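First to last, the protein sequences are chains E and V.
Numbering of the first sequence is given in the working numbering, commencing with residue 1 and proceeding in unit increments.
Numbering of the second sequence is given in the working numbering, commencing with residue 1 and proceeding in unit increments.
Calculated directly from the structure, the hints in this document are not laboratory data.
Note that the structure is predicted; figures quoted are calculated from it, not measured.
Any given hint could turn out to be false.
[Said to hold, decoys possible] Derived DSBU-like pairs (lysine-lysine); straight-line CA-CA distance at most 30 Å:
(1) Lys156/E with Lys153/V
(2) Lys161/V with Lys173/V
(3) Lys330/V with Lys112/E
(4) Lys196/V with Lys161/V
(5) Lys361/E with Lys362/V
(6) Lys196/V with Lys330/E
(7) Lys304/E with Lys153/V
(8) Lys259/V with Lys274/V
(9) Lys236/E with Lys173/V
(10) Lys153/V with Lys111/V
(11) Lys362/V with Lys249/V
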Amino acid sequence: MSFPEVIEQSNQVLQALVDAGERVLGYIYPHPPHEIFIAHGLKPSLVRTNPTVVGAYEASLQTFSCSLTRNLFSQRTSSSFPLLAGIVFSGNTCDALQNVGDVWRKRFPEDKVLRLTYPVGDAGESSIDFLAMEIKSLSDDLETLYGVPFSESAFKQAAQLLHEIRDVLQLLYSVRLLYPPLISYHTLSNLVGEYLTAPTEDVSERLKGRWMEVAEKLDTNQTNKVDQLRESLLNKDLSGFDSTIESTSLRIAVIGGMIEPSTFSGLVDDIHGITDSTLVFDMLSFGFKTVFTPPVNIDGDPYKESARSILGAHSEPTQEGLPKRVEFLKDVIARLSIQGLIVCEQSFCDPDEFESPSLEKAAEEVGVPTVKLPLDSELSDRARIEGRIQTFLETIDAN
Amino acid sequence: MSDEKPYRKLETQALLQQIAFRHGMEAMAASEEGNLAWVSSGFPVEIPVAMNVFPSYPEQAGAIIGATKIGPEVCGFAEDLGYSQELWSYARASIGSTDRPDDVAMGALPKPQALLGCNNICGTILKWYDANSEQTGAPVFLLDTPPLEDEQKPHHRAYVKQGLMRLIDFLTKTFNTTLEEDRFREVSDLSSRAIKLWTQSLKACQNKPSPLNCADRFLTMAPVVSSRGMEHCTEFYEVLLMEVKDRVKQGVGAIREEKIRLLWDNIPPWFILKFFNKLASRGVVFPADTYTHAWSGAVEGTDTSSLLDGIVDIYSNVYLNKNLDAKIDKMVQLIKDFDLDGFVMFSVRSCKRYSLGQLVSKEIVTERTGVPGVVIEGDMVDSRLFNEAQIQTRVDALLEMFV
Numbered sequence: 001m002s003f004p005e006v007i008e009q010s011n012q013v014l015q016a017l018v019d020a021g022e023r024v025l026g027y028i029y030p031h032p033p034h035e036i037f038i039a040h041g042l043k044p045s046l047v048r049t050n051p052t053v054v055g056a057y058e059a060s061l062q063t064f065s066c067s068l069t070r071n072l073f074s075q076r077t078s079s080s081f082p083l084l085a086g087i088v089f090s091g092n093t094c095d096a097l098q099n100v101g102d103v104w105r106k107r108f109p110e111d112k113v114l115r116l117t118y119p120v121g122d123a124g125e126s127s128i129d130f131l132a133m134e135i136k137s138l139s140d141d142l143e144t145l146y147g148v149p150f151s152e153s154a155f156k157q158a159a160q161l162l163h164e165i166r167d168v169l170q171l172l173y174s175v176r177l178l179y180p181p182l183i184s185y186h187t188l189s190n191l192v193g194e195y196l197t198a199p200t201e202d203v204s205e206r207l208k209g210r211w212m213e214v215a216e217k218l219d220t221n222q223t224n225k226v227d228q229l230r231e232s233l234l235n236k237d238l239s240g241f242d243s244t245i246e247s248t249s250l251r252i253a254v255i256g257g258m259i260e261p262s263t264f265s266g267l268v269d270d271i272h273g274i275t276d277s278t279l280v281f282d283m284l285s286f287g288f289k290t291v292f293t294p295p296v297n298i299d300g301d302p303y304k305e306s307a308r309s310i311l312g313a314h315s316e317p318t319q320e321g322l323p324k325r326v327e328f329l330k331d332v333i334a335r336l337s338i339q340g341l342i343v344c345e346q347s348f349c350d351p352d353e354f355e356s357p358s359l360e361k362a363a364e365e366v367g368v369p370t371v372k373l374p375l376d377s378e379l380s381d382r383a384r385i386e387g388r389i390q391t392f393l394e395t396i397d398a399n
Numbered sequence: 001m002s003d004e005k006p007y008r009k010l011e012t013q014a015l016l017q018q019i020a021f022r023h024g025m026e027a028m029a030a031s032e033e034g035n036l037a038w039v040s041s042g043f044p045v046e047i048p049v050a051m052n053v054f055p056s057y058p059e060q061a062g063a064i065i066g067a068t069k070i071g072p073e074v075c076g077f078a079e080d081l082g083y084s085q086e087l088w089s090y091a092r093a094s095i096g097s098t099d100r101p102d103d104v105a106m107g108a109l110p111k112p113q114a115l116l117g118c119n120n121i122c123g124t125i126l127k128w129y130d131a132n133s134e135q136t137g138a139p140v141f142l143l144d145t146p147p148l149e150d151e152q153k154p155h156h157r158a159y160v161k162q163g164l165m166r167l168i169d170f171l172t173k174t175f176n177t178t179l180e181e182d183r184f185r186e187v188s189d190l191s192s193r194a195i196k197l198w199t200q201s202l203k204a205c206q207n208k209p210s211p212l213n214c215a216d217r218f219l220t221m222a223p224v225v226s227s228r229g230m231e232h233c234t235e236f237y238e239v240l241l242m243e244v245k246d247r248v249k250q251g252v253g254a255i256r257e258e259k260i261r262l263l264w265d266n267i268p269p270w271f272i273l274k275f276f277n278k279l280a281s282r283g284v285v286f287p288a289d290t291y292t293h294a295w296s297g298a299v300e301g302t303d304t305s306s307l308l309d310g311i312v313d314i315y316s317n318v319y320l321n322k323n324l325d326a327k328i329d330k331m332v333q334l335i336k337d338f339d340l341d342g343f344v345m346f347s348v349r350s351c352k353r354y355s356l357g358q359l360v361s362k363e364i365v366t367e368r369t370g371v372p373g374v375v376i377e378g379d380m381v382d383s384r385l386f387n388e389a390q391i392q393t394r395v396d397a398l399l400e401m402f403v
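Let the hints inform the model, and build the full structure from the sequences given.
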């Protein structure tokens, strides 16, 4: 499925939900409190960039706003935005999203624009307490705006649903890393895309079905390895994962910020030299980092436990913790036999662009070649990007 | 034709070189003694200063690199390391000068033992200091002050205060020092006095003619950034205020013939401060700007806890940490208080926190005040991103409205 087809399918799903009387709440930053949204009767959905919409932002944003925000603004200006009951901007994650949220409110006063402010600091309970209060404040706003109070039973059901969805995706990510022929990256990324579009019971059932198909092909030893790897990835510590990965084909990983796995998958599908087994892992914000979010503990305070879950995910370039991210990357490369790293860098995205030299340096330190891909949301330079990836793969193959 | 310059140079400006020299020498000594921290401009420096940790300011070094017109070259050093040209030019200048200090005539700082960043000026500060940390080996301490949507809420205050407690702990461990209450109070008092004196000089620009122009303020703000909490900083602003008051008393303006009074929004293009002097020759003065007015408010308290509360207040509520409405309100207020005829918004390509939103706020400020404005685009350090002719055309168009 190409990137425009992914968008089309996502919009169809959203339309079907709206037609069925559901209210869809869009979010931009990949770590929203899904469970809290659902507890207010809302369906959370990632607001995606649309490559077919360009250049309708100029009256409101400068060209140096990041390509993500420019594209979203253009979609809204040209009335091609999905049917959302509201949109949640993140606060304190990056300067572009911070300011564009304010601009959005001014330009589209009829929209329901909400804000969830995250802590940047890695300050343990203090950060969790702060985020918990911000989530509570957002929850209060949702009740005011939509007239639906927080429902504890809906919250618990949502926590269970999200846990099941992420659980299966985590297993599939681990299978992809260990036994890539059993699930293609293309399939995996589309499943992640479904979860991001709307984490529903239907999605959960489809994921379980897919997992059953894959699990049937694993023997006991392989199943144990998959479980072990999943736990290690979830705990951000691969030191306990001691299995050797033997592979005769090239193993590539991709890392970076605000690009969806399905977008990237669509980008590499037609590149000569990429086989079904080549791209074994993504460490993308909208992929691995979202999927490997620990479950919400339903026995505690819902706001605090939601905050704990969100902050328990792998940290983003917008947060403290670069040294930890660098060490984890080195571990991934060394222990999971990664032979090449693609570093995505979104145009005018400060967090992406600041972090990519450190990621490249880390990979070089463990002897793995890298290629940096400056991208924009429209993939406007697609031919050049494909050329760079192809050349990169040929270089690795030659060595 | 007269050779007389259209602007008047401040006598106090001569003291700046002495202060800069002194600060540089003290920073070198502190670095050798293991007591130097690089500090972001919005950091509550009263705490490290009170704990005998000497601050150096990479942003100020970036301004110096810009002013000495070596921005493109030094930013290029960072680009050679893989940092995109789209990134903040202060950061690129800092990363570049840290990588190749011997190739930077002015603006390379002595090696730090810690990097103290506060994200009340922008979210990018953490990323910049992370890069510097990889270069120098010095650990980063981030004081997280999440942007304010409206009034600061109790949990926000509690979070920032916890951050200050962590800072004291970090400095204690990193520099083997302690925070003594008497010294903390003394430093806070010095800082507050300097800011009050500075604020009085700024307010004096409500007079006609304005005793200070933009460039005067951009230069004389240096000590309040670099030396808050130090005795010589307060002394400098006493002298400056005396000169400003004297100008007001005698009806002497910063420029010789004041005709048009404008507001400046954003950081200046350091490499072309003559931009303001050229406009002075056409009778244009900038009695106010949003950048230097960022330094306001006093840290007040009777004991460590109340002083920390004061710091939470002041440093959470800085101009850039507020929403677009607050920024618009500030501009409108300055235009009214300083009786300004229009405004110039400098859209800095590498500073998103300051610049994104200007296209909308320009419209709203004009609606609310009735005065026209113009947005010009460029950069503060990297002159490759500054098209002087294009900017001149846009400013000319604005000035024609006053004829």
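Hint check:
no.: 1; hint: Lys156/E with Lys153/V; in the structure: holds (29 Å)
no.: 2; hint: Lys161/V with Lys173/V; in the structure: holds (19 Å)
no.: 3; hint: Lys330/V with Lys112/E; in the structure: holds (26 Å)
no.: 4; hint: Lys196/V with Lys161/V; in the structure: holds (24 Å)
no.: 5; hint: Lys361/E with Lys362/V; in the structure: violated (42 Å)
no.: 6; hint: Lys196/V with Lys330/E; in the structure: violated (51 Å)
no.: 7; hint: Lys304/E with Lys153/V; in the structure: holds (17 Å)
no.: 8; hint: Lys259/V with Lys274/V; in the structure: holds (18 Å)
no.: 9; hint: Lys236/E with Lys173/V; in the structure: holds (27 Å)
no.: 10; hint: Lys153/V with Lys111/V; in the structure: violated (38 Å)
no.: 11; hint: Lys362/V with Lys249/V; in the structure: violated (34 Å)
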